[in-house]
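Guided by the hints, dock chain B onto chain A, whose structure is given.
What follows is the residue order along each chain.
Number of protein chains: 2
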Amino acid sequence: MPMIVDRRNVDFLLYEVFDTRALLSAPANESYDRETVAAILDTAQAIAEDKYLPCAAEIDTNEPEFVDGEAVVPPAVKDALTAFADAGFFAATFPEELGGMQLPWHIYAQVSNIFTCANTGIHGYAFLTIANANIISTFGSAAQQALYLPPMLEGRWFGTMCLSEPQAGSSLTDIKTKAEPTEDGHYRITGTKMWISGGDQNISENIIHLVLAKIPGGPAGVKGISLFIVPKIRVTDEGALGESNSVVLAGLNHKMGHRGTTNTILNFGESGECRGYLVGEQHQGLQYMFHMMNEARIAVGQGAVMSAQAAYLYSLDYARQRPQGRLPGEKNPSSPQVPIIEHADVRRMLMTQKAYVEGGAALMAYCAQLVDQEKLSTHSDDKKRIALLLDILTPIAKSWPSEFCLEANKLAIQVLGGYGYAREYPVERFYRDNRLNHIHEGTHAIHGIDLLGRKVRMQGGAALIALLDEMSKAIDEGADCQSTAAFASDLEGAVGDMMKATEAVLADRDLKRQLANATIYLDAFGHVVIAWMWLLQSIAAAKQMSTSTTGNSGPVGFSTGTNYPRRNRSSILLPHSTIPASLPRSGISSVYDALLSMKIAKSDKREHSSRAVTG
Amino acid sequence: MPMIVDRRNVDFLLYEVFDTRALLSAPANESYDRETVAAILDTAQAIAEDKYLPCAAEIDTNEPEFVDGEAVVPPAVKDALTAFADAGFFAATFPEELGGMQLPWHIYAQVSNIFTCANTGIHGYAFLTIANANIISTFGSAAQQALYLPPMLEGRWFGTMCLSEPQAGSSLTDIKTKAEPTEDGHYRITGTKMWISGGDQNISENIIHLVLAKIPGGPAGVKGISLFIVPKIRVTDEGALGESNSVVLAGLNHKMGHRGTTNTILNFGESGECRGYLVGEQHQGLQYMFHMMNEARIAVGQGAVMSAQAAYLYSLDYARQRPQGRLPGEKNPSSPQVPIIEHADVRRMLMTQKAYVEGGAALMAYCAQLVDQEKLSTHSDDKKRIALLLDILTPIAKSWPSEFCLEANKLAIQVLGGYGYAREYPVERFYRDNRLNHIHEGTHAIHGIDLLGRKVRMQGGAALIALLDEMSKAIDEGADCQSTAAFASDLEGAVGDMMKATEAVLADRDLKRQLANATIYLDAFGHVVIAWMWLLQSIAAAKQMSTSTTGNSGPVGFSTGTNYPRRNRSSILLPHSTIPASLPRSGISSVYDALLSMKIAKSDKREHSSRAVTG
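These protein sequences, in sequence, are chains A and B.
Residue numbering for the first sequence follows our numbering, beginning at 1 and increasing consecutively.
Residue numbering for the second sequence follows our numbering, beginning at 1 and increasing consecutively.
So that you can see chain A by itself, here it is in the shape it has in the complex (with noise of 0.2 Å):
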């Protein structure tokens, strides 16, 4: 079993869970089928083995060093990132007529995974130059994506987000950076930057920020904030490097973890002129930024469960491999030590990370689809419904795993006991780089107040009642299986409690007291997802297994065909049509009512008498 990746499980989501055939037969991606992608990740795979892995510990213990006023990193991660343009990664999901393979999200997240997996330090610096691309390819000029795309895509440029502000972390509306315009056309930026990731480094030649700034005599707080490109070295009009364009930087941050990628702090025009390019127009920068939020919060939870997979995978070895102590009830000391993984509590660690790694990963293949579909639908009610489907999946996708990942980073140390405290074996890593996705791309708490304080009350909760009929036709399809219905009924009592949570907060006029609750609203939420995903799962592998057990002569378990047609029941939840289009915010409590005593109703017909909601 490698490292890095469980291919078995990979596929597993890509072919049995989540219907990938569907996307690759898409006129947009006729270029790919099921082999074509193998080739793609094993490629991703033999290259991230081969640079990523083997340097994980040197480039955590040898960190990156502030030299004469530079960010020197290690050779190896050069290198590594080398092996990666080469194969064409950076321009993956870059439409071709840029260059790029445009490959499905969906895929080429199984593609990020991996590296991640192996070393997410080096990971990072590519992650931040393809979000910064996509940016610019979203709302930069012509001019601006001719200039700076073909290099960044290349891999040669490499790319920064420039938001947080040693005053301004979590409230970005104190930012302070000023852009003023000049005759020039371009504008002048002074100001500082903090926790910039790749903020500098010797591995590329150029670095193109995205650097968020206020224009003076802008509207106050967040709606005077605009978007800018700002290279580190200017680029004449023909694409060549020319002088420095005065972007110092002023010290790097010791992390935790994530050692590899450098954390700086930079001083903008401290030095001399610093040339900043406003991309779309003034005052729209934070929008622009945030457009992009979707697919890096869910990068940011792909991230905490390839951190969690790293140890998963590392410590299942171990404790295959390790003999310690016999089992209970053999008396005989001079009996040979079993392996630890026969220990019951060694399985309760492994099964209990197994759970929160591929929870997790099934989430994250699933969004990523999301991602793809909406941007592949052409009928407009489908898009809308998976664009809320998007919007309120994303605070989940970001956070659970960053909790839930963390936790079993830190069982994977204790299955190796004290080695797994030692910096000789890599389980203490993952767990220290783990500890950083609670903060980065907005904190926990922010999605906490982000899920309960707008995602849920959207559009007068369609988002919600959007996702409730998504988790209510796998509840359908789960009880229909005497394998799965269980888990089915399970899912079913956890979605009424939560709607019942969902209900008692809401109907709080404390405000503060909502928002001290926000946090674990959004793990509570976030279990129910993950176990609907093991429901997904448990579905799709009850399907493989009948159909093994009996040929292809129709499946056990399943009461219908060999194409699993659900019965034509009714939804546990409301049809859309009988939601108001357009509902008062004060009405939101009203509808979960409905949708609960919908839901009691049926629970109470389908006799799931032990879980269902009784009050």
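Be aware that a few hints might be false.
No copy is singled out in the list; a pair is fine if it fits within one copy or between any two copies.
Heads up, simulated EDC-like pairs for lysine to aspartate or glutamate below, C-alpha to C-alpha not over 16 Å straight-line [stated by the list, open to error]:
1) K178 x E273
2) K354 x D381
3) K354 x D33
4) K512 x E330
5) K512 x E342
6) K331 x D174
The hints are simulated quantities; they were obtained by calculation from the structure and are not laboratory data.
Relative to the frame of chain A, chain B by itself:
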């Protein structure tokens, strides 16, 4: 507020929650009163702030190094421990005839807390030396005591505990280190020990290892383990340092945290004769080592609480200082930012830390007090009851803080956001330090098995009954006061749930599944114990608050007079006399049945209907 101790909370625990006055009034403690105790704590705090705290970050960065076969420790460690020795703290708990201060353990625990909170990596050396000296003073011969104890209690020689080996971590039955008798009376020791904290250093003049080894021809397994004194440098009969004793440092382990304490691999007798001196009798080694385990394990719990307390105090201070964002409802982006302590989720994180840290600190103080009470008690039934309480609480005291105070550390990082993840701030270090505590002195799982497999069942459930009796006293007392009645009722419900869970787990005939539940049971049991500690604290606070609001004219809320005698209500639990003295193991569950039905009946009578156990 100091960053290493909350003296107000220490006083609260010592004099308001627990009856330290009674302890100090015992003849053995006649040299101490509240004022002398305060002076001792002042001294500890001054040394810790002056010598321990300032070098904590430095020692984490410049950890001990392996140089020419020896462990070289930063000089600040020696400075700190010299100050600790000069104040007489190595001998603090030892009797006067050994030059000790005869300080009650309950008080010394508070001293130890201060040093641990300031710099756990340095305090480790003292902790090990004191634990080692305790074993020699209990089981060593008069000659051994005369030879080794004086320099150890003066802090000139340090001590270690050498249990684990590379192939035998948790499974001590598999140790291979050999002790062959010689005609000269000593034993020849050969073998390799692993994970030995303080196993080598350049601080003390000598190192006295306590080594578990097997004498050839002895019984197999743990019954053939003996305990030996093995000095690093041989000691003449007059106590002078002689030749090297062939204890060779084979290497240092590099840990995630606790970096100030060297962690070593030691080879005994590889390069020449290594002399060991038998402690007590042959084959009794494990029993001797475990005799001191209650104190050692409680000390690990204290360490976990203190690593979390250091982070809690720091993050609390930070939250009061750091301005970021505005309160909900504040629409003006130009209004000043508020300190983050005003944000609901930051308050939640601080309060959660407080619940874990101060709940854990109360349990540690309670246990330390029991250690003294057991020693002082002259009544055999009382001594037995206290010993049972210590037996059942020790796995909780060791383990609960390592799980939930680590969680507190995680939250402290989150309060600081990106700063929390940076090594320029101390909170990530506390998190790394604390992760050790699940692992050493018996892993988390081993304590779960100890609790469920041994402590809960021992002597016909006597330890559990003793504990439930103490809890029921608190519930009775809490129920009498308006401001604590709800907490008492909550605890009563939780105790009922715990008893049902105990019964269910013990009734499971699948031993593997029973053991797979042991860790979860440990965590849940711990929560109930900590809830009890909070009830005790809330009762103490309610008494003080009612006294302060009404002068000394009598408490508000409590139904009785200033001394708060409890109403003569029947215990909610079975009186001791109704428990059969010796209950067959298979009969355990019927005792729980009886306890449970008594409890339910009592609950019903009280009409705590909403919280009472209903099934």
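* If you check each hint against the structure, which ones fail? -> Hint check: 2, 3 fail, others pass.
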